[in-house]
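Protein sequences, first through last, are from chains R and A.
Residues in the first sequence are numbered consecutively from 205, following my numbering.
Residues in the second sequence are numbered consecutively from 523, following my numbering.
Because the hints were derived from the structure by calculation, they are not lab data.
A hint or two may mislead.
What the hints assert, rightly or not - Negatives, chain R to chain A, calculated, CB over 10 Å: (1) T250; (2) L254; (3) H267; (4) Q284; (5) S333; (6) K372; (7) L384; (8) E387; (9) I411; (10) A472; (11) K484.
Stated by the list, open to error - Cut-off 30 Å, straight-line C-alpha distance, at most; resulting in silico cross-link-like pairs (DSS-like, lysine-lysine): (12) K699/A <-> K532/R; (13) K450/R <-> K745/A; (14) K745/A <-> K209/R; (15) K613/A <-> K745/A.
No residue lacks a Cβ here, since even glycine has one placed at the ideal position from N, Cα and C.
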Amino acid sequence: MVREKCVVLENKKVAPGHFVLTCASRAISKNARPGQFAQILCEESTDPLLPRPFSFLTAAQNHFSVLYHVVGKGTGSLAQKKKGDFLWVLGPLGNGFTLGRETFDEGRRTKDEGRGTAQTVSSIVHRSSSIVLVGGGVGIPPLYHLAQLLVKKMKPENIHVFLGARDKSLLLCEKEFKKLGAELHLATDDGSKGKKGFVTGILEEFIQGRQKTVVSSQEKQKAYPSTVYRLLSTKIYACGPTPMLKAISLVSQKYEVPCEVSVEVPMACGFGACIGCAIKVRSQKTEDRRQKLQKNLSSDVCHLSSEHRYAIACTEGPVFQAKDILWK
Amino acid sequence: MEINLETKIGKLKLKNPVLVASGTFGYAKEFEPLMDLKRLGGIVTKTLTVKPRLGNPPPRIVETPSGLLNAIGLQNVGVDAFVKEKLPYLKKLKVPIIASVMGYSAEEFVRCVDTLEKAGGIDGFELNLSCPNVPYGSKSRFGSSFAKASEDASAHAVRMFAHDERLIEEVVSAARKWTAKTLIAKLGPDVSDIGKMAQAAEAAGADAVSLINTFIAMVIDVKSRRPVLANKTGGLSGPCIRPIAVAMTWEAAKNVKIPVIGIGGIMNARDALEFLIAGASAIQVGTANFINPSASTEIVRGIGDFMKKEKIKNLKEIIGSLKDS
Numbered sequence: 205m206v207r208e209k210c211v212v213l214e215n216k217k218v219a220p221g222h223f224v225l226t227c228a229s230r231a232i233s234k235n236a237r238p239g240q241f242a243q244i245l246c247e248e249s250t251d252p253l254l255p256r257p258f259s260f261l262t263a264a265q266n267h268f269s270v271l272y273h274v275v276g277k278g279t280g281s282l283a284q285k286k287k288g289d290f291l292w293v294l295g296p297l298g299n300g301f302t303l304g305r306e307t308f309d310e311g312r313r314t315k316d317e318g319r320g321t322a323q324t325v326s327s328i329v330h331r332s333s334s335i336v337l338v339g340g341g342v343g344i345p346p347l348y349h350l351a352q353l354l355v356k357k358m359k360p361e362n363i364h365v366f367l368g369a370r371d372k373s374l375l376l377c378e379k380e381f382k383k384l385g386a387e388l389h390l391a392t393d394d395g396s397k398g399k400k401g402f403v404t405g406i407l408e409e410f411i412q413g414r415q416k417t418v419v420s421s422q423e424k425q426k427a428y429p430s431t432v433y434r435l436l437s438t439k440i441y442a443c444g445p446t447p448m449l450k451a452i453s454l455v456s457q458k459y460e461v462p463c464e465v466s467v468e469v470p471m472a473c474g475f476g477a478c479i480g481c482a483i484k485v486r487s488q489k490t491e492d493r494r495q496k497l498q499k500n501l502s503s504d505v506c507h508l509s510s511e512h513r514y515a516i517a518c519t520e521g522p523v524f525q526a527k528d529i530l531w532k
Numbered sequence: 523m524e525i526n527l528e529t530k531i532g533k534l535k536l537k538n539p540v541l542v543a544s545g546t547f548g549y550a551k552e553f554e555p556l557m558d559l560k561r562l563g564g565i566v567t568k569t570l571t572v573k574p575r576l577g578n579p580p581p582r583i584v585e586t587p588s589g590l591l592n593a594i595g596l597q598n599v600g601v602d603a604f605v606k607e608k609l610p611y612l613k614k615l616k617v618p619i620i621a622s623v624m625g626y627s628a629e630e631f632v633r634c635v636d637t638l639e640k641a642g643g644i645d646g647f648e649l650n651l652s653c654p655n656v657p658y659g660s661k662s663r664f665g666s667s668f669a670k671a672s673e674d675a676s677a678h679a680v681r682m683f684a685h686d687e688r689l690i691e692e693v694v695s696a697a698r699k700w701t702a703k704t705l706i707a708k709l710g711p712d713v714s715d716i717g718k719m720a721q722a723a724e725a726a727g728a729d730a731v732s733l734i735n736t737f738i739a740m741v742i743d744v745k746s747r748r749p750v751l752a753n754k755t756g757g758l759s760g761p762c763i764r765p766i767a768v769a770m771t772w773e774a775a776k777n778v779k780i781p782v783i784g785i786g787g788i789m790n791a792r793d794a795l796e797f798l799i800a801g802a803s804a805i806q807v808g809t810a811n812f813i814n815p816s817a818s819t820e821i822v823r824g825i826g827d828f829m830k831k832e833k834i835k836n837l838k839e840i841i842g843s844l845k846d847s
């Protein structure tokens, strides 16, 4: 985490009301992981007062970019910035998406769990394992950041990208995902591109379809339990408006697919000082929490007896395991 | 030119008048990568309560014109966990540590002070008498103090200790018996006469008063017609409250002999100087920490620069130097 005055390299309109801002900073960009974010002070004034948080869209060696939607005073003045202007940026902040072993080390994991059949399972899993990215609106940029990393580790056709928007002009990063070779699944509210309706609808159809395949191949090979197979076969990463994340979370739980979501909540400082960006999560076991408290200062929480607690999105998140969040 | 920025709050000698305000600086460690903590005059911790507190449900914050409205609800680890997990780090900093404590009764305040006194490593206490975001007044949940005051003040229910001179006196005098260290009473702005409230704290034995805490305020979503914050109201801070805070600091400083610590929307050295001139012996930086984590130390430097430029050797020449006659 560093705070730097960064020079603007580019500030380009990419869709109605949407811009991509590119800034130079080696210290911030070289450590930025998918799902992490930066706090940008849009104006050195008292109104707008607070910096605004933005997930990274890209992070190269010496520069990073964010994709933002002009919604108010802060983003409004950000849209006025030109090449050569300076902005105070604090980042990278928060915890990004986790790329667990179940995603990339299938062979090893299966070996741990069921010795003899390791080879077979591994190869089957390899063929059919996939990553599902689900994004809506300005939730799409961190998923593109993630996809850039994923294509280096797996076949791009196994990356399924689900994008939802009001109309086709707001399907952000569509071309960029296509360039990476990912499989695109689109939905728009007005049906101007892809399927008419919400992205969660086409997501559920897709997951359902995959699970049918799993079951049929399982009948042929009864060597391993379905739960293990399911766990290995698909993982969802999602970012977007809260109602969308809630719906995706329900789908993931219904079909027992692991799911990580990056949440968007009102935020002030971005580094755990104000504890304003609270999100209601399931309370972990006392012992787990104590360990976490020792390791990480940010889990300042508690009522050990309570079934829920308020996690701080900026330091514990913004990426959470979907099953941990208690949605309204 | 040698510049002397020292100031005294009770028995506590500070190397400069810039403190960081409670609830805006976590437990200091959050700021370590972003600034030099050793350059601070002192650190006021996030408010501690006897038991850990979960805090209020979200949304907890919303930005307002030149301000920030918050209703965190004193989420904190509790005083015991603080001693175990946070205090060892703070002790190592070699910066005066002022523990902000809060309770629902004088007894709870005392229990916090007592625990921290026994733990050692605390240089002073700030009694948070003025948090606007926690529910008071229910007899069943809280101690005797509020139940009594609510009955007496039947017409207008008392929302916090800082709203009632008797409650201020009760808590301050109780805490006074348990510590010889610098004791600061943090007052709230939503009162008819801040001078009287400051006098109540002084009479009860406080070494200083700090003011102001946030204003009770509200933002409404006009479409849904609901308050934006889950807590309905919050505490307003930031530059929008600064001129009111300056006036209240001036008013309080005229009415008491003990030092006043000025708080309210201080963003830079110029803002800090206003409070000092109005009569504050020290100041606290709050909301600015969220916008520029090193604002406080930049203010220390800025005050020094101003003094050099104006050829002022000692901070004492600035404190209370307002030409108001």
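Comparing the hints with the structure gives:
1. T250: violated (4 Å)
2. L254: At roughly 6 Å from the nearest Cβ of chain A, L254/R sits no farther out than 10 Å, so the non-interface label is violated.
3. H267: Holds, because the least Cβ-Cβ distance between H267/R and chain A comes to about 22 Å, which exceeds 10 Å.
4. Q284: At roughly 19 Å from the nearest Cβ of chain A, Q284/R sits farther out than 10 Å, so the non-interface label holds.
5. S333: holds (36 Å)
6. K372: At roughly 27 Å from the nearest Cβ of chain A, K372/R sits farther out than 10 Å, so the non-interface label holds.
7. L384: holds (34 Å)
8. E387: Given a closest Cβ separation of 35 Å, the condition holds.
9. I411: holds (29 Å)
10. A472: Non-interface label fails for A472/R: nearest chain A Cβ at 5 Å, not farther than 10 Å.
11. K484: Check fails; 7 Å does not lie beyond 10 Å.
12. K699/A <-> K532/R: Roughly 46 Å separates the two Cα atoms, so the pair is violated.
13. K450/R <-> K745/A: holds (23 Å)
14. K745/A <-> K209/R: At roughly 38 Å apart (the allowed maximum being 30 Å), K209/R and K745/A break the hint.
15. K613/A <-> K745/A: violated (49 Å)
In this structure, the earlier hints numbered 1, 2, 10, 11, 12, 14 and 15 are contradicted, and the remaining ones agree with it.
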